[in-house]
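Based on the sequences and whatever the hints tell you, model everything.
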Amino acid sequence: MAIPIVYNVRNLVARKTTTLMTAVGIALAVAVLVADVALVRGLQAVFERSGNPLHILVLRKGSATELSSGISREAYRDLLFKPGIARNITGEPMASLELVTVINLPTVDSAKSMNVTVRGLIWLGIAMRSVRMDQGRWFQTGQREIVVGKSITRRYPQAQLGKTFRFGRGEWHVVGVMDGRQSALDNEIWGDLNQISSDFNRTRSLSSVLVRAPDAAAVPVLINSIEEDTRLNASAITERAYYDSQTAAGAPLHFLGVLVSVIMAAGSGFAAMNTMYAAVSRRSGEIGTLRVLGFSRGHILVSFFIESLLLSLVGGLLGCLLALPLNHVRARVGNMTTFSEIVFGFRVDLTAVLAGIAFALLMGTIGGFFPARAAARRQIVEALREV
Amino acid sequence: MFKYLPLIVKNSLRNRRRSLLAVASIASSLCVLSVLIAIYRVLFLGSDSTPAQALRLITHHRVSLAQSLPIAYVRQIQQVPGVAAATGWQWFGGTYRDAREPRNFFARFGVEPLQTFRVWPDYVIDQDQRVAFERERTGCVVSRALANKFDWQLGERITLVGDGFPVTLDLTLVGIFDESAQAAVLYFNQDYLRESLPPGSPQRDMVSQVMVQAKSPDEAPHVAETIDAIFENSPDPTKTESERVFLLNFISFLGNFKLFLAAICGAVTFTLLLVSGNTFSMSVRERIREVGILKTLGFKPSTILGIILGEAAAIALAGGVIGCLLAGLLCGVVRHVAPPFIPGIKTLAVTPLIAGLSLTVAVLIGLVGGLLPAFSAARTSILNSLRHTG
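Listed in order, the protein sequences are those of chains S and L. Using our numbering, the first residue of the first sequence is number 61, and each one after it goes up by one. Using our numbering, the first residue of the second sequence is number 7, and each one after it goes up by one.
It should be emphasised that the hints constitute simulated quantities derived from the structure, not laboratory data. One or more hints might be untrue.
Simulated pairs of lysine-lysine, BS3-like, Cα-Cα distance not exceeding 30 Å [stated by the list, open to error]:
1) K210(S) with K245(L)
2) K210(S) with K264(L)
3) K301(L) with K9(L)
4) K352(L) with K155(L)
5) K245(L) with K223(S)
6) K121(S) with K9(L)
Here is the structure:
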């Protein structure tokens, strides 16, 4: 029979100050890791929601981003005649020519302006995306009207329904707020393609074309056919892949988070080891007694090891609790692809919590193994003699 | 106090394993703390700004950095009183070798060779190389950091394939300059780019930004206002900022770094406090009988307090020193792997000031962590402490 776990639990409770201090030390390292995973998960969630697997983004050959790309109207017309593009109810090919640029707006929390993505598009482009009108209405063709994403309204005081603000060559009227369901589109401002392209002197060379394939099997075929067409001089990738690559926006913060949590974990691991060694030396008499009662060295090893794991588990749970309030926090990072900000919510989901607990148990394993082995190696007589 | 030093040292060595673990634990936390402070320094306090940097202004499109300015602006800006030099600054993205390899990313700008070293007087370059850059249309100059990274020698052929520009530039390296920021940057003649573009291309008449060197610090703010006033009512209004302000804006664009750094520093410091407090209370608890004996021998409670606190400070200091050394190594690693677009990251280092700050934090943490156990030991009566059994 193994030594009951209750014995370990009671021991941890008996030394509650030491237990708590060690556990909180572990908890803080875990909290940093969980926050880091939550950040990456949050960013991933934004971009996952943004890309439709049936959509293909067409850019100029050599351009990796919509901002640095240029597609002429002639190329767009050629593209429309390509076979294998899905058609809408009226029989139009679903390919939307778009212009993407960035403008500068003052934010809520500072007079410093931030970059915001502006997208000029035609009605088809709106219809192709799963974006809902939250308040107001869509812009009208030929009008200086714009629709702003939900995240934009929270952060930029000028970008409110009914307000007017200046960019390009003049005033623009905000006629609607769109809900991109927390996708990257929530961070954009949309307006009429022709109006916006003429304001930015880009009537001939626009940014990109979004194309829908009829089904998943047709996607690679269509991509090949676009890339091989020398007249177009274009490259094509799936919209999903395009947005996936943008999770790199969080890379500097992610790198920092991993670095810090790993080193902090090493520190907390040493501290846990110290606590466990102290426990072993204090309970010398108990260890001797247990051995006299007939528990083997293996039992002692397992028991102390389990105690260390329990200790780190408490720390892990505590760390997750500490990081949980992050779920309500919205953060922003600069996106080097769009040259504008992306607002995202931290996501402390199951993955983040499991990562945190696993991390804590790892600390417990490292911190517990050597003390447990030391406990198991004690000679009965010596152990009993020590006071 | 110093006569008890041997006793303090003996005490810290009596349970070597515990002291070692405590030192290791404090060292890792302090390592993180030092690196974070170092990152904070390069991002928000700026590496030591040179006088030339203080005089440098950047004029960009008021709407956004992604929008270009007409090239005619450069001549107009050069006429503004108080301007020493100005050059158009053309961001050329493009790819060098294989774009998928992040190592191949570095900044490339088209500039006016005649103005370049007047706008950046802090760049140190050989006179011959400077003249070569001014003469050779396909010549380019690079920073020392970049030349070392790729092991480029003068005469190296560098091919940049455009993405935003439909051209391929075949450049020859004619000069290598030294600068303090350790930036990876390449400058080429913007006329070469312009002539490679098809005639009639709107890109021929635009530059990304204009870099300006003011004559004196007093004139700089006025110069900025004058420039912006000239273009106020044009289709492309400008915003002129000092290089420093511009960089700070760029950093805030990267994300709420300030908040993240502060939060993590707080967590690390708190962990340190817990670790040291825990260690010292364990070691004091083990020694209560001994403290009783010391008291019987005539040691005053204040002396005992001092001895225990001294031990705590010694262990924390040892952890601090190791932590700072580790942080120095880690900064070296970060310098290598960090993405190059973060300003100043290539100068990341644990400066003497940061090391001093970290060591102070370490000692303070040791003292605070040791205070409670030390007090309780000093206050326990002789009878109780002698009666105590481990």
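Here's how the hints hold up against the structure:
1. K210(S) with K245(L): The given pair, whose Cα atoms are some 28 Å apart, holds under the 30 Å limit.
2. K210(S) with K264(L): 25 Å, holds
3. K301(L) with K9(L): Distance of about 17 Å is within 30 Å: holds.
4. K352(L) with K155(L): 12 Å, holds
5. K245(L) with K223(S): This hinted pair holds, its Cα atoms lying about 24 Å apart.
6. K121(S) with K9(L): Judged against 30 Å, a Cα distance of about 77 Å means the pair is violated.
Against the hints set out earlier in the document, a violation occurs for number 6 only.
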